[in-house]
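Each residue of the sequence shown is one higher than the last, beginning at 79 in the numbering used here.
Treat the hints with caution; some may be incorrect.
Here are the computed lysine to any residue pairs in the SDA-like style, where the Cα-Cα straight-line distance is at most 20 Å [to be verified]:
#1 K126 / E154
#2 K211 / K126
#3 K119 / T90
#4 K141 / K212
#5 K110 / D133
#6 K180 / D136
#7 K141 / K206
#8 K212 / K119
#9 K110 / S87
#10 K110 / R93
#11 K212 / G181
#12 K92 / D195
#13 K110 / L125
#14 K92 / K126
#15 K172 / T153
#16 K119 / L198
#17 K126 / H137
#18 K203 / Y189
#19 K206 / L187
#20 K249 / F267
#21 K141 / E179
#22 K141 / R202
Derived CB-CB ranges, DEER-like [what the hints assert, rightly or not]:
#23 W258 / R132: 36 to 44 Å
#24 I272 / D230: 23 to 31 Å
#25 G244 / I108: 40 to 48 Å
No lab work stands behind these hints, which were simulated from the structure alone. The beta carbon of each residue, even a glycine, is placed where N, CA and C say it ideally should be.
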Amino acid sequence: MGSIIQGKSFPTEKRKAFLRAFEQVPQRVIWKWEGENMSGKIDSILLKSWAPQRDILDHPNVKVFISHGGFLGTTEALYSGVPIIGIPMFGDQKVNIRQVEKGGYGVTLPYNQITEDTVLAALRKVLKDKSFKKRAEQVARLFQDRPMPPLDTAIYWIEHAIRHGGGAHLKPASLDLYWWQYVLLDVIFVLLLIPILIFLFIRYFIRYMASTYYQATYGVDEKKRN
79 MGSIIQGKSF
89 PTEKRKAFLR
99 AFEQVPQRVI
109 WKWEGENMSG
119 KIDSILLKSW
129 APQRDILDHP
139 NVKVFISHGG
149 FLGTTEALYS
159 GVPIIGIPMF
169 GDQKVNIRQV
179 EKGGYGVTLP
189 YNQITEDTVL
199 AALRKVLKDK
209 SFKKRAEQVA
219 RLFQDRPMPP
229 LDTAIYWIEH
239 AIRHGGGAHL
249 KPASLDLYWW
259 QYVLLDVIFV
269 LLLIPILIFL
279 FIRYFIRYMA
289 STYYQATYGV
299 DEKKRN
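Please put together the full structure from these sequences, using the hints given.
Shown next as structure tokens:
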């Protein structure tokens, strides 16, 4: 569950739900766990306080990644073509996992709905439905299809900026805007002003027409009548 949320902080009943669910699938499990022992641990689970996540996700035998949905972990899983079971907790995690589910390369497992049945259902859904793996691999190919590796790209643009005196031409135009322009307050003001002016015009027009009607019909000024 990442470096911030520790596995051993999981309530006992939720941890047992995962253990019972893992017992019912044939795959082995690598579980990030801060400690040497886990009560009720089964033989198919390997406990690690730290593991090279990037290397593990790149292994061809990895079938699914259970994660809280942090940006880095989600990106690494998709780069490696691994489907995700997301348990979002806070921050951008809900948005990330919502995108994963919308993209068809993972499912959401809400934290407050964790039971043996829901964990097992999520595992079986992702493991048996090959569309999740297929879609994750499609996204991985998109990630990896670039003219040069990411490190070479970074080196190129750093050297490019050095060659051209700091790369002033690369700076976004937003740096030269006032804060109220950056947050579009001027645009919002105009958008609000237009309907207000339309409302005032219609109000004035109706009052003018009513006044004209009363003058023509009764010879009475509507304003004086009121």
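Now the hints, each set against the structure:
1. Between K126 and E154 the alpha-carbon distance is near 19 Å, which keeps this suggested pair within the 20 Å criterion.
2. At most 20 Å may separate the alpha-carbon atoms for a hinted pair to count; K211 and K126 exceed this at roughly 25 Å.
3. Only pairs whose Cα atoms come within 20 Å are accepted, and K119 paired with T90 is accepted, the gap being roughly 12 Å.
4. Among the hinted pairs, K141 with K212 is consistent with the structure: their alpha-carbon atoms are about 12 Å apart, no more than 20 Å.
5. Under the criterion of a C-alpha separation no larger than 20 Å, the hint pairing K110 with D133 is consistent with the structure, at around 15 Å.
6. For the suggested pair K180 and D136, the alpha carbons sit about 23 Å apart, so the restraint of at most 20 Å is broken.
7. Note on K141 and K206: the hinted pairing holds, with a Cα-Cα distance of about 10 Å set against a maximum of 20 Å.
8. Restraint check for K212 and K119: not satisfied, since their Cα atoms lie roughly 32 Å apart, outside the 20 Å limit.
9. Between K110 and S87, the direct Cα distance comes to roughly 12 Å. Compliance with the 20 Å bound is thereby established for this hinted pair.
10. In summary, the hint linking K110 to R93 is supported, as the alpha carbons are separated by about 12 Å, within the 20 Å threshold.
11. Using a Cα cut-off of 20 Å, the hinted pair K212 and G181 holds, with the two alpha carbons roughly 11 Å apart.
12. For a cut-off of 20 Å, the pair hint linking K92 to D195 stands: about 11 Å separates their Cα positions.
13. About 6 Å separates the Cα atoms of K110 and L125, which keeps this hinted pair within 20 Å; it holds.
14. With a C-alpha separation of about 19 Å, the suggested pairing of K92 with K126 holds against the 20 Å cut-off.
15. Simply put, K172 and T153 have alpha-carbon atoms about 14 Å apart, close enough for the 20 Å limit, and the pair holds.
16. As the CA atoms of K119 and L198 are separated by approximately 17 Å, the hinted pair is consistent with the 20 Å bound.
17. A threshold of 20 Å between alpha carbons decides the hint, and for K126 with H137 the separation of about 17 Å falls inside it, so the pair holds.
18. For the given pair, K203 sits about 18 Å from Y189 by alpha-carbon distance, which is consistent with the 20 Å threshold.
19. Distance check on the hinted pair: K206 and L187 sit about 17 Å apart at the alpha-carbon level, within 20 Å; holds.
20. Restraint check for K249 and F267: the C-alpha separation of about 28 Å exceeds 20 Å, so the hint is violated.
21. Restraint check for K141 and E179: the C-alpha separation of about 17 Å stays at or below 20 Å, so the hint holds.
22. With a C-alpha separation of about 11 Å, the suggested pair K141 and R202 falls inside the 20 Å cut-off, and the hint holds.
23. A beta carbon spacing of about 42 Å between W258 and R132 agrees with the range 36 to 44 Å that was offered as a hint.
24. Between I272 and D230 the beta carbons are some 50 Å apart, a value that contradicts the proposed interval 23 to 31 Å.
25. Under the hint 40 to 48 Å, the C-beta atoms of G244 and I108, about 45 Å apart, fit the expected range.
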